[in-house]
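Colleague: Construct the complete structure from the given sequences, taking the supplied hints into account.
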Amino acid sequence: MNILECTDIEKSYHQGKVEVQALRGVSLSIEKGGFVALAGPSGSGKTTLLNIMGGLDSADSGRVTVDGNALDEMNQSQLANLRLHKVGFVFQAYNLIPVLSALENVEFVMLLQGVLPIDRRERAKAILDDVGLAGTYDRRPAELSGGQQQRVALARAIVSNPSIVLADEPTANLDSKTGKGLLEMMREMNEKKKVTFIFSTHDHMVMDYARRLVQLRDGQVADDLVKEH
Amino acid sequence: MSQDTDGEIASRAFRIVGIFRAEMAATEKQFAFVTITAAQQMLKLGESVSEVSIILPMYEEGEQVASALRADLHRADYEVQTWQELLSLVTAILRLYDGFIFLWFLVVFIAMGFGIVNTLLMAVFERIREFGLLKALGMKPWWVIKEVLTESFFLLVLGMVIGNSLGFLSILALSGNGIDLSSLAAGLEFVGMSRVIYPIVHGKDIIMANLVVFILGLVVSVYPAVKAAKFSAVEAMAHT
Ligand SMILES: Nc1ncnc2c1ncn2[C@@H]1O[C@H](COP(=O)(O)OP(=O)(O)OP(=O)(O)O)[C@@H](O)[C@H]1O
Ligand SMILES: [Mg+2]
Numbered sequence: 040m041n042i043l044e045c046t047d048i049e050k051s052y053h054q055g056k057v058e059v060q061a062l063r064g065v066s067l068s069i070e071k072g073g074f075v076a077l078a079g080p081s082g083s084g085k086t087t088l089l090n091i092m093g094g095l096d097s098a099d100s101g102r103v104t105v106d107g108n109a110l111d112e113m114n115q116s117q118l119a120n121l122r123l124h125k126v127g128f129v130f131q132a133y134n135l136i137p138v139l140s141a142l143e144n145v146e147f148v149m150l151l152q153g154v155l156p157i158d159r160r161e162r163a164k165a166i167l168d169d170v171g172l173a174g175t176y177d178r179r180p181a182e183l184s185g186g187q188q189q190r191v192a193l194a195r196a197i198v199s200n201p202s203i204v205l206a207d208e209p210t211a212n213l214d215s216k217t218g219k220g221l222l223e224m225m226r227e228m229n230e231k232k233k234v235t236f237i238f239s240t241h242d243h244m245v246m247d248y249a250r251r252l253v254q255l256r257d258g259q260v261a262d263d264l265v266k267e268h
Numbered sequence: 096m097s098q099d100t101d102g103e104i105a106s107r108a109f110r111i112v113g114i115f116r117a118e119m120a121a122t123e124k125q126f127a128f129v130t131i132t133a134a135q136q137m138l139k140l141g142e143s144v145s146e147v148s149i150i151l152p153m154y155e156e157g158e159q160v161a162s163a164l165r166a167d168l169h170r171a172d173y174e175v176q177t178w179q180e181l182l183s184l185v186t187a188i189l190r191l192y193d194g195f196i197f198l199w200f201l202v203v204f205i206a207m208g209f210g211i212v213n214t215l216l217m218a219v220f221e222r223i224r225e226f227g228l229l230k231a232l233g234m235k236p237w238w239v240i241k242e243v244l245t246e247s248f249f250l251l252v253l254g255m256v257i258g259n260s261l262g263f264l265s266i267l268a269l270s271g272n273g274i275d276l277s278s279l280a281a282g283l284e285f286v287g288m289s290r291v292i293y294p295i296v297h298g299k300d301i302i303m304a305n306l307v308v309f310i311l312g313l314v315v316s317v318y319p320a321v322k323a324a325k326f327s328a329v330e331a332m333a334h335t
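Protein chains in written order, with this note's numbering: chain D, 40 to 268; chain G, 96 to 335.
The hints are simulated quantities; they were obtained by calculation from the structure and are not laboratory data. These numbers were taken from a predicted model, which means no experiment stands behind them. Quick reminder that beta carbons are idealized off the backbone N, C-alpha and C, glycines included. Some hints could be false.
[What the hints assert, rightly or not] Non-contacting residues of chain D with respect to chain G, defined by C-beta distances greater than 12 angstroms in every case (computed): (1) Glu58; (2) Arg63; (3) Glu70; (4) Gly82; (5) Gly94; (6) Ser100; (7) Lys125; (8) Leu135; (9) Ala173; (10) Thr175; (11) Tyr176; (12) Asp177; (13) Arg195; (14) Asp207; (15) Asn229; (16) Asp247.
[As the list claims (entries may be wrong)] Within a straight-line C-alpha distance of at most 30 angstroms, the following computed DSS-like cross-link-like pairs (lysine-lysine) qualify: (17) D:Lys266 x D:Lys231; (18) D:Lys164 x G:Lys124; (19) D:Lys266 x D:Lys232; (20) D:Lys233 x G:Lys235; (21) D:Lys56 x G:Lys325; (22) D:Lys164 x D:Lys219; (23) G:Lys325 x G:Lys241; (24) D:Lys216 x D:Lys266; (25) G:Lys241 x G:Lys322; (26) G:Lys322 x D:Lys56; (27) D:Lys71 x D:Lys266; (28) D:Lys231 x D:Lys71; (29) D:Lys232 x D:Lys219; (30) G:Lys322 x D:Lys71; (31) D:Lys164 x G:Lys235; (32) D:Lys219 x D:Lys266; (33) D:Lys71 x D:Lys233; (34) D:Lys216 x D:Lys231; (35) G:Lys235 x D:Lys232.
Modeller: Rendered as structure tokens:
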């Protein structure tokens, strides 16, 4: 069963009079429970594709369905709702709200969802423990290392059991050891909680962790490889 | 020397037993006080008086008291007039002055409106990345609007607390000695104003001013709030 379906996605940007074709007809099906890397050189369209998959940006043509919902038929408010309940994001940097503690950052999504305060505190603590951040509940993002910040972001992305987590170069700002730690954590969450992950990277070490590797080049899928483990 | 009730010249000499000091020299020049019986004799008034002046505690009460008196004294030979009717020049000047105050308030409130919009827009643009993140996480545009308006609400309440305190403090400080306008006294006498004026606080004015500030503040905050809600998450997150 496919949790995410992209069909003939096209997207171009206008910079003044110049038109940049970021995606030229991308079709991709992501199976439930997948652990998929989107690789490709800089400018190949990874970020653009992830943004469109999560309903942050809209495609010029083509269709995206997340868990059976066609994104092109939804308005801003419905898209927000979809992101709130079905999609988790981990960005390359600036993932966290600076004035909130680690625990509050993780709780925030559940606050938007209307989860009761006691439940949300409990679940946020449990997930922070899972990603190895038991002692840092009350620290602000500025008081956390880069790796710890990304783990908080990961915790926040999965705490509400989304159908899919989209991570745009989650390890790009981390040293390789810390990056590995985060990937181990992601894979553990993928295996334990059956959360589907799609993450972009141009780092070979990161690609090695993926069970499926999709190569983008010039806005098109150049290679799609399912690895045997 | 004056004219009596028969239209004849009436005069008599009085011995000055004292002088009085009034707020204004004009008042001192205008009035000499004699006993009522002496005046009645000199002007051949018998037991009558020509005029009764009533000083009321509040100047706004004039009209109300006058109409009550008119109702009670419905005999045609009494005439009841308020000070506004008797001093129409002063009344006109006061009305003009009220107009100026209104304009002044208008200018101040418009300036305040721009001030609030500016402050909030800056506060919003400063956190454009955070707003982008909130939207990416699934915060609906309407929530963002509510968020910014709530912030503006707290700013307004804080501002009103500080502003009212400062206002009361300055009134308190000035109400002891009043505001001395002696240097302008000659000009002010013309309109019958005293040399020292004292600030008074009316409950109605406080409530009105605060209400206007509050409502105007919230209304103008809608613009930055909508602006914040309209950032697309991608644009906002790309912003550095
Ligand atoms: N907001 C934008 N305005 C104009 N052009 C853009 C915009 N965003 C992306 N592009 C262009 O679209 C193409 C794809 O960009 P995208 O960011 O998706 O690539 P990427 O694979 O994520 O690259 P990187 O590895 O550097 O993050 C690039 O040529 C880029 O210049
Ligand atoms: Mg990118």
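Colleague: I'd like to know which numbered hints this structure contradicts. Please list them from smallest to largest.
Modeller: 5, 7, 8, 13, 14, 18 and 30
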